[in-house]
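Participant: Here are the chains, one letter per residue:
Number of protein chains: 2
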Amino acid sequence: MKARVLITPKKGIADPQGTAIEQALHALGFTGARGVRMGKCIELELPDGDPNSARDALARMSEQLLANTNIEQYTCMILDEDV
Amino acid sequence: MKARVLITPKKGIADPQGTAIEQALHALGFTGARGVRMGKCIELELPDGDPNSARDALARMSEQLLANTNIEQYTCMILDEDV
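Here the protein sequences come in this chain order: A and B. When you line the first sequence up against numbering that gives the first Met the number 0, it's residues 0 to 82, in that order. When you line the second sequence up against numbering that gives the first Met the number 0, it's residues 0 to 82, in that order.
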């Protein structure tokens, strides 16, 4: 099954990349864009099976490797076949 | 409204970061993880209004700034209030 982990800076943590993107969007005329936050998106394939145990595995991967949980939060998703 | 743009390398484009993550996951015992792809997740606030025109604006932001459409694909999403 296809899975995705999104990793974004926690609320209150400075995000200079997000700030730079926001300024660039304003310069391009997208003046309505606010609160831009820049994070990571990791997509992977897991063996087919129980979605709940897959979600547990994703959380353990995030804690042990993918996210710096001091400053980042993560969201784990199981995707449908062709998403 | 809250919106999200996911930017991932196109199929066939080399992704050395994804490969490194996959090897690290295997070393940690997550041997079932395959096809890891590393991308970006950009979250932002847009003025409330028509979700379709917001989606159009996100696509234009992606084309003009966020994604390198030669090697990256993007997915635009409008999120519910508290997601």
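In short, the hints are calculated from the structure, not lab data. Keep in mind that a hint or two might mislead.
Pairs count within a copy or across copies, as identical chains cannot be separated in the list.
Said to hold, decoys possible - Derived pair list, reagent style DSS-like, types lysine-lysine, alpha-carbon separation capped at 30 Å:
(1) LYS9 with LYS39
(2) LYS10 with LYS39
(3) LYS1 with LYS39
Participant: Look at each hint and say if it fits the structure.
Facilitator: Now the hints, each set against the structure:
no.	hint	result
1	LYS9 with LYS39	both (13 Å within a copy, 16 Å between copies)
2	LYS10 with LYS39	both (15 Å within a copy, 18 Å between copies)
3	LYS1 with LYS39	both (17 Å within a copy, 17 Å between copies)
Consistency note: the structure conflicts with none of the earlier hints.
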